[in-house]
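Heads up: the protein sequence lines correspond to chains A and R, in order.
According to my numbering, the first sequence is numbered sequentially starting from 1.
According to my numbering, the second sequence is numbered sequentially starting from 1.
Derived from the structure by calculation, the hints contain no laboratory data.
Bear in mind the structure is a predicted one, so any value in this text is a computation, not a measurement.
Watch out, some of these pointers could steer you wrong.
Unchecked claim - With a straight-line Cα cutoff of 30 Å, these simulated DSS-like cross-link-like pairs (lysine-lysine) come out:
(1) Lys92/A - Lys75/R
(2) Lys101/A - Lys75/R
(3) Lys92/A - Lys206/A
(4) Lys92/A - Lys29/R
(5) Lys101/A - Lys8/R
(6) Lys206/A - Lys29/R
(7) Lys92/A - Lys213/A
(8) Lys97/A - Lys75/R
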Amino acid sequence: MLNPFSLEGKTVLITGASSGIGRGIAVECSKMGANVVITGRNKQRLNETYLSLNGNNHIQIIADLSNNDDLNSLVEQCPQLDGFVSNAGIPKLMIVKFIQKESLEEIMGINTIAPILLTSALIKRKKVIKGGSIVFISSISGVNISTLGESSYSASKGAIHGFVKGAAIDLASQKIRVNSINPGLIQTDILKLAGEMFSEEQINDKLKQYPLKRIGQPEDVAYATIYLLSDAASWVTGTSIVIDGGFTLA
Amino acid sequence: MDVNEFVKHFAEQFDETPEELFKPTTLFKELEEWGSLTALSIIAMVDEELDIRITGADIRNSNSIEDLFLLTQAK
Numbered sequence: 001m002l003n004p005f006s007l008e009g010k011t012v013l014i015t016g017a018s019s020g021i022g023r024g025i026a027v028e029c030s031k032m033g034a035n036v037v038i039t040g041r042n043k044q045r046l047n048e049t050y051l052s053l054n055g056n057n058h059i060q061i062i063a064d065l066s067n068n069d070d071l072n073s074l075v076e077q078c079p080q081l082d083g084f085v086s087n088a089g090i091p092k093l094m095i096v097k098f099i100q101k102e103s104l105e106e107i108m109g110i111n112t113i114a115p116i117l118l119t120s121a122l123i124k125r126k127k128v129i130k131g132g133s134i135v136f137i138s139s140i141s142g143v144n145i146s147t148l149g150e151s152s153y154s155a156s157k158g159a160i161h162g163f164v165k166g167a168a169i170d171l172a173s174q175k176i177r178v179n180s181i182n183p184g185l186i187q188t189d190i191l192k193l194a195g196e197m198f199s200e201e202q203i204n205d206k207l208k209q210y211p212l213k214r215i216g217q218p219e220d221v222a223y224a225t226i227y228l229l230s231d232a233a234s235w236v237t238g239t240s241i242v243i244d245g246g247f248t249l250a
Numbered sequence: 001m002d003v004n005e006f007v008k009h010f011a012e013q014f015d016e017t018p019e020e021l022f023k024p025t026t027l028f029k030e031l032e033e034w035g036s037l038t039a040l041s042i043i044a045m046v047d048e049e050l051d052i053r054i055t056g057a058d059i060r061n062s063n064s065i066e067d068l069f070l071l072t073q074a075k
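One chain only, chain A, in its complex shape (with noise of 0.2 Å):
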């Protein structure tokens, strides 16, 4: 049966795929038939999503993005893809006035500037073959809304949200498409970091604010970004979905 949305013989880079979102879109990519190359810092941790894979011929690199001999040992031993999804991603909450140059850096150096220098090489290193897709996964802060403590954040994802349009147009002659997701609140480990700084009551509170009264899970984003790399979306590129349960209708 044609199957407009399968990943069948497709090979997909996925960054930050040691935990959260990142694992569940490597997870579910691989049951959609896709071949993935995960990568992220944690070696146990790229190995416990590497173990829970679907199927053979997948890949696993340790690579610190921010690192420059790490990001180009990445490029060099990915093979031909079909799609790229840039995922990994660091929050980090900052008050205005407490804004230190250093954790800004820190910020927009993951969030933003090694996601645009690893598709540049990528594309530059011919890599992502022609009719390829490329996902980022952003956020709705930065993009739809921001919150207390999140100006820097929001910087580094309103940023890229301005590459994927113009990265979409450069490509377009590639026939290569370039997308992004923008989710809400998701469950991952990061909640739980958020755990140590709102009560109970607090998360609660936000989550009384989305109309679909529940929390977003890894699997809500995968199966948007299986849509973006598959054959489906061939007439999909420098747009964003956002997937967050209605939060920011309300």
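Starting from the structure of chain A, add chain R where the hints point.
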């Protein structure tokens, strides 16, 4: 840093509340200006001034400014 200096830094995070209202015994959560923004400011101030990480739970477990100061000393 002693408690009085801590109180001074604590007070600096507020824009509307008069400085004289800040004492070691001040029950800071009863201040009108207390809220999420000031809580995040206090966490950032402690990180910057003392190089100590406190959490939202630490703040929830403190009533007076001195409670919080003693908590940072125990870290």
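Tell me the hint numbers this structure goes against, listed in increasing order. none
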